[in-house]
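Asker: One letter stands for each residue in the lines below.
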Amino acid sequence: MKHSYKIMAILFLTLTVVVLSACGNVSDKGSDKSSKGDDSKDGITIKHDGGTTKIAKDPKRVVALEFSFVDALAALDVKPVGVADDGKKDRILKPIREKIGDYKSVGARKQPNLEEISNQKPDVIIADSNRHKGIQKDLEKIAPTIMLPSFDSDYKDNLEAFKTIAKAVGKEDKGKDRLKEHNELMDKYSKEITMDKSQPVLASVVAKSGLLAHPENTYVGELLKELGFDNALNKTKTDNLSKYLKGPYLQLNPEVLSDINPGRMFIMADKGENDPNLKKQEEDPVWQDLDAVKNNRVSVVDRNTWARARGIISSEEIAKQLAEISKNEQKDSQQK
Amino acid sequence: MIGRLTFRYGIVVVLILISAVASLSIGAVWINPFEAVKSLFIQDNFILNEYRIPRMILAIIVGSSLAISGALIQGVVRNALASPDVIGITKGASLSAVSIIMLFPSAPLFILPFGSFAGALCVSLILTLLIAKFNVKGSKLALIGLAIGAICTAVVQYLLIRNPQDANTALVWLTGSLYGHSMSHVLVILPWFIVALPIIFYYCHQLDILTLGDDIAIALGTKVKKIKMILLLLAVILAGASISVVGGLSFLGLISPHIARRIVGHKHIHITIMSGLIGALILSISDCLARGIHPPIDIPVGVVVAIVGVPYFLFLLRKI
Amino acid sequence: MIKSHSVNRTKSNEKKAQKRTTLTFIVSVCALFVIIYFNLSVGASHITFQDFIDYSVKHIDTKETFLIHNVRMPRMFAGLLIGAALGVSGLLMQAMTRNPLASPQIFGVNSGASFVIVFISMIVPALTEYSTILAFIGAFIGGLTVYTLSGSTKGMTPIKLALAGMAIHLFFSSMTQGIILLNEDATSTVMFWLVGSLSSIQWPQVIGIFPWLVMAFIGAIFIAKQLTIMELGEDLATSLGQNVKVVRITVGLLVIVLAGASVSIAGPIGFVGLIVPHIVKHYIRTDYRLMVPLTMIIGADLLLLSDVLSRLIAFPFESPVGIVTSFVGAVYFLFITVRGVDRL
Numbered sequence: 537m538k539h540s541y542k543i544m545a546i547l548f549l550t551l552t553v554v555v556l557s558a559c560g561n562v563s564d565k566g567s568d569k570s571s572k573g574d575d576s577k578d579g580i581t582i583k584h585d586g587g588t589t590k591i592a593k594d595p596k597r598v599v600a601l602e603f604s605f606v607d608a609l610a611a612l613d614v615k616p617v618g619v620a621d622d623g624k625k626d627r628i629l630k631p632i633r634e635k636i637g638d639y640k641s642v643g644a645r646k647q648p649n650l651e652e653i654s655n656q657k658p659d660v661i662i663a664d665s666n667r668h669k670g671i672q673k674d675l676e677k678i679a680p681t682i683m684l685p686s687f688d689s690d691y692k693d694n695l696e697a698f699k700t701i702a703k704a705v706g707k708e709d710k711g712k713d714r715l716k717e718h719n720e721l722m723d724k725y726s727k728e729i730t731m732d733k734s735q736p737v738l739a740s741v742v743a744k745s746g747l748l749a750h751p752e753n754t755y756v757g758e759l760l761k762e763l764g765f766d767n768a769l770n771k772t773k774t775d776n777l778s779k780y781l782k783g784p785y786l787q788l789n790p791e792v793l794s795d796i797n798p799g800r801m802f803i804m805a806d807k808g809e810n811d812p813n814l815k816k817q818e819e820d821p822v823w824q825d826l827d828a829v830k831n832n833r834v835s836v837v838d839r840n841t842w843a844r845a846r847g848i849i850s851s852e853e854i855a856k857q858l859a860e861i862s863k864n865e866q867k868d869s870q871q872k
Numbered sequence: 074m075i076g077r078l079t080f081r082y083g084i085v086v087v088l089i090l091i092s093a094v095a096s097l098s099i100g101a102v103w104i105n106p107f108e109a110v111k112s113l114f115i116q117d118n119f120i121l122n123e124y125r126i127p128r129m130i131l132a133i134i135v136g137s138s139l140a141i142s143g144a145l146i147q148g149v150v151r152n153a154l155a156s157p158d159v160i161g162i163t164k165g166a167s168l169s170a171v172s173i174i175m176l177f178p179s180a181p182l183f184i185l186p187f188g189s190f191a192g193a194l195c196v197s198l199i200l201t202l203l204i205a206k207f208n209v210k211g212s213k214l215a216l217i218g219l220a221i222g223a224i225c226t227a228v229v230q231y232l233l234i235r236n237p238q239d240a241n242t243a244l245v246w247l248t249g250s251l252y253g254h255s256m257s258h259v260l261v262i263l264p265w266f267i268v269a270l271p272i273i274f275y276y277c278h279q280l281d282i283l284t285l286g287d288d289i290a291i292a293l294g295t296k297v298k299k300i301k302m303i304l305l306l307l308a309v310i311l312a313g314a315s316i317s318v319v320g321g322l323s324f325l326g327l328i329s330p331h332i333a334r335r336i337v338g339h340k341h342i343h344i345t346i347m348s349g350l351i352g353a354l355i356l357s358i359s360d361c362l363a364r365g366i367h368p369p370i371d372i373p374v375g376v377v378v379a380i381v382g383v384p385y386f387l388f389l390l391r392k393i
Numbered sequence: 035m036i037k038s039h040s041v042n043r044t045k046s047n048e049k050k051a052q053k054r055t056t057l058t059f060i061v062s063v064c065a066l067f068v069i070i071y072f073n074l075s076v077g078a079s080h081i082t083f084q085d086f087i088d089y090s091v092k093h094i095d096t097k098e099t100f101l102i103h104n105v106r107m108p109r110m111f112a113g114l115l116i117g118a119a120l121g122v123s124g125l126l127m128q129a130m131t132r133n134p135l136a137s138p139q140i141f142g143v144n145s146g147a148s149f150v151i152v153f154i155s156m157i158v159p160a161l162t163e164y165s166t167i168l169a170f171i172g173a174f175i176g177g178l179t180v181y182t183l184s185g186s187t188k189g190m191t192p193i194k195l196a197l198a199g200m201a202i203h204l205f206f207s208s209m210t211q212g213i214i215l216l217n218e219d220a221t222s223t224v225m226f227w228l229v230g231s232l233s234s235i236q237w238p239q240v241i242g243i244f245p246w247l248v249m250a251f252i253g254a255i256f257i258a259k260q261l262t263i264m265e266l267g268e269d270l271a272t273s274l275g276q277n278v279k280v281v282r283i284t285v286g287l288l289v290i291v292l293a294g295a296s297v298s299i300a301g302p303i304g305f306v307g308l309i310v311p312h313i314v315k316h317y318i319r320t321d322y323r324l325m326v327p328l329t330m331i332i333g334a335d336l337l338l339l340s341d342v343l344s345r346l347i348a349f350p351f352e353s354p355v356g357i358v359t360s361f362v363g364a365v366y367f368l369f370i371t372v373r374g375v376d377r378l
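Residue numbers (this note's numbering), protein chains in the order written: chain A, 537 to 872; chain B, 74 to 393; chain C, 35 to 378.
In short, the hints are calculated from the structure, not lab data.
For clarity, every value in this text was computed on a predicted model and none was experimentally measured.
Among the clues, some could well be false.
[Said to hold, decoys possible] Result set (DSBU-like, lysine-lysine): computed pairs, CA atoms no more than 35 Å apart in a straight line: (1) A:Lys727 / A:Lys692; (2) C:Lys97 / A:Lys867; (3) B:Lys111 / A:Lys669; (4) A:Lys733 / A:Lys630; (5) A:Lys624 / A:Lys724; (6) A:Lys710 / A:Lys583; (7) B:Lys111 / A:Lys657; (8) C:Lys315 / B:Lys206; (9) A:Lys640 / B:Lys111.
Hey, can you work out the whole structure from these sequences and the hints?
Answerer: Here you go:
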């Protein structure tokens with residue numbers, strides 16, 4: 537009898553812990569919905585991925601936890617006081633860096649340093665709805681926080697997020713103007729890109745494990761489509777290939793690559809032409825046999841600008857680069 | 074004899090206090106130690122309240138829980154290599170946690186601790202069953218746990234590869250991190266810590282007898298099976314609760330008991346207490362370093378524990 | 035009368051054993067050929083038997099033969115060599131430490147090598163050309179640290195060795211994880227490699243490790259007789275005239291070369307070194323001169339088979355072969371543990 541009592545007691549205690557661990561987190565969620573700052577009628581209410589938040593009018597101190605948000609702020613002429621830049625200032629594109637001037641790094645994008653953020657005493661925090669899901673309530677304890685897609689956003693999502701940010705920092709009109717300017721610029725570049733757009737194009741990152749393709753439903757893929765290109769990896773092909781891989785990027789092995797055989801490739805490399813992964817790829821006979829390689833239609837671009845940055849300014853950069861490449865190609869073919 | 078032991082306990086406790094204060098001062102923002110201690114009582118500093126104090130307390134409690142869990146398992150399994158990570162408990166918890174992160178990404182986050190605890194419990198249930206039904210001997214139990222752990226790891230790796238988007242979140246969890254934890258997390262593990270400890274102390278004496286070998290223990294009248302099961306369950310609860318809060322932090326359960334044994338000898342009551350203290354100390358120091366080395370970057374604690382713990386452990390090993 | 039009976043019995047037992055050994059060899063070699071064929075034919079691209087004839091006999095240049103030559107063949111060769119290498123290194127370790135749980139994975143050799151490779155590719159990418167040699171160094175450091183820290187030859191018990199090995203393994207893998215976490219954008223790509231993968235292996239890499247592995251294989255066969263003696267126990271071996279220390283060092287070096295070379299191009303593939311010796315010991319228990327070659331064949335069998343499986347689990351997507359070996363290896367490991375291993 538005593539024997540089974542002990543077992544019962546222990547089982548009961550176990551159950552209590554399991555329940556407690558669930559409760560502990562739930563109750564915490566409930567207690568911190570009060571946003572700091574004034575709840576006066578002067579605030580703006582923003583609807584975002586994490587709910588609805590009220591922000592005081594004309595926030596002065598903004599903390600951005602992803603590069604695309606920094607891009608958006610720079611496009612609106614707002615200087616963030618804190619940015620999560622992974623500790624590497626040069627991850628931010630030069631034109632953007634110049635616009636935002638000096639800021640305090642709040643650590644890695646994946647795990648922003650909460651102490652530093654609170655130290656900056658921000659009026660509003662802009663965070664990524666996927667990555668920072670876990671710390672949303674911690675951020676809200678510091679300042680009103682809006683959660684927007686960035687990490688897994690595509691081109692169109694990004695433009696939507698831009699509009700939200702514009703509204704949040706009280707520059708809705710400027711936002712609209714800038715967006716118009718952006719669309720005009722993109723049209724202009726699109727016309728300037730004179731390379732043959734009917735050649736299916738493949739954008740991929742070169743990494744240690746091979747090529748990581750960005751098909752049509754990624755940021756770069758969609759952007760290229762907007763500019764008039766035809767993606768080699770369009771919906772039908774990717775449906776077949778990515779059936780077993782969650783997430784839009786596709787790991788290509790040499791066989792699949794030679795099967796796709798795109799007419800043109802944009803390779804996003806970390807260290808430009810001297811990237812060791814790229815060099816290894818170039819030695820691969822399968823690579824050398826590709827149409828794009830044989831016809832010299834491979835362009836090496838900067839991974840930072842093309843894949844990491846994402847935003848209005850950076851997409852304009854990408855378009856500008858494409859126009860440049862186009863011009864060079866024309867020059868080369870004319871010289872022949 | 075007693076004096077010498079007290080002296081050693083004293084030193085370790087003092088070290089813990091020092092690192093606790095350091096933990097409060099170090100971070101992205103340097104806070105004067107005296108200020109820090111004062112604020113501990115007045116509770117007026119936001120950074121301290123929200124981040125540092127919970128982290129410090131959590132480090133101490135989780136550190137000692139994992140260490141004591143390791144000591145218990147090493148006693149039950151009678152193998153110096155055993156620890157919650159080695160016999161598959163941590164891996165089982167990791168598997169459930171990673172599965173939840175990958176397969177149900179939209180699930181509310183409070184499910185995670187719940188799920189990982191369930192995972193740990195599953196593995197331990199298998200092991201407990203083996204003791205109950207087959208009376209599996211110590212080393213073999215450890216090996217089976219190891220095999221189960223290896224299977225879990227293989228599946229985890231598979232999930233990581235298939236879902237590269239969420240791989241980051243999963244990896245951080247797997248390494249173990251005190252990032253973003255608040256008082257509510259402390260409250261999750263505290264009651265269990267308080268409840269388990271007295272029960273463990275009660276059984277320490279039995280554990281000493283158990284070390285003599287199953288046959289001798291039975292001859293002396295100990296209910297070997299029952300005790301093994303209870304102790305294993307306690308160990309799992311401590312480890313499971315810790316892991317559910319902090320992630321797959323490994324290593325503490327393995328090295329703390331060894332270090333403790335070098336310092337206080339072989340009586341389990343001492344080993345248990347000293348392991349707890351050492352575990353708390355290592356985790357506390359590691360947390361300081363994790364935050365202080367390169368602010369504002371916050372290195373996951375699991376990495377630092379390995380770097381801090383291993384050299385010391387090997388140094389001890391050499392001394393034999 | 036009785037004496038001659040027992041002599042006869044021993045003779046017939048010997049004959050039986052010999053028959054069994056030969057049979058084992060024949061079966062495993064045949065299996066090897068079959069598996070090689072599957073290895074070359076299964077995959078994302080459609081390759082038929084006709085294509086093989088085109089490739090090997092007729093030497094025609096088509097898209098398929100191009101793929102066979104540049105993608106499948108180097109990969110198959112690498113799998114063959116590495117499978118054999120990992121198997122033998124496991125066998126050597128288990129013999130040297132007299133611990134059936136030994137393998138390059140548990141002893142920090144694999145993790146030392148992986149750490150170096152990850153370090154180079156993320157932090158000092160300029161050195162990528164020298165990764166093979168540097169991987170050796172990593173394997174060496176891992177192995178050496180374990181060796182020295184488990185005490186002198188006299189005091190080295192299996193447990194101390196295992197403990198030291200586990201500690202070093204955890205140390206290196208934590209640091210590797212740390213580097214990966216801090217360089218987050220590379221995470222998914224390095225993860226693939228870190229589990230152990232045979233994809234994207236090209237001829238230059240295979241040719242790079244070929245000489246090292248061949249030398250090590252020859253070395254292992256030469257030292258096989260010494261291993262048989264060593265298994266009897268240290269004191270007995272010394273009294274039989276063996277220079278235990280020299281043998282130990284040689285074996286250590288062989289393991290480092292075998293495992294280090296493998297890790298440098300395929301990443302740390304786990305469990306092959308642990309499982310293959312156990313399988314081999316089922317059939318041949320004592321004579322290392324036979325065990326070493328059999329280990330090579332069965333190791334190659336296992337890895338190539340796993341490679342085929344890894345291409346099928348998520349067709350047409352490839353999974354890293356390390357996942358298959360880990361899973362299968364772990365299950366097998368559980369199996370032999372539960373069944374009760376008398377050797378443990």
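Asker: Would you mind marking each hint as holding or not holding in the structure?
Answerer: Against the structure, the hints:
Note on Lys727 of chain A and Lys692 of chain A: the hinted pairing holds, with a Cα-Cα distance of about 20 Å set against a maximum of 35 Å. Taking the CA atoms of Lys97 of chain C and Lys867 of chain A, the gap is about 33 Å. The hint holds against a cut of 35 Å. Between Lys111 of chain B and Lys669 of chain A the CA atoms are separated by roughly 34 Å; this keeps the pair inside 35 Å, and the hint holds. Note on Lys733 of chain A and Lys630 of chain A: the hinted pairing holds, with a Cα-Cα distance of about 29 Å set against a maximum of 35 Å.
Between Lys624 of chain A and Lys724 of chain A, the direct Cα distance comes to roughly 33 Å. Compliance with the 35 Å bound is thereby established for this hinted pair. Distance hint between Lys710 of chain A and Lys583 of chain A is fulfilled; the C-alpha atoms sit about 19 Å from each other, no more than 35 Å. A C-alpha spacing of about 23 Å is found between Lys111 of chain B and Lys657 of chain A, which places the hinted pair at or below 35 Å, so the restraint holds. For the given pair, Lys315 of chain C sits about 30 Å from Lys206 of chain B by alpha-carbon distance, which is consistent with the 35 Å threshold.
Proposed proximity of Lys640 of chain A and Lys111 of chain B is supported: the alpha carbons are some 29 Å apart, at most 35 Å.
When each numbered hint is compared with the structure, no violation occurs for any of them.
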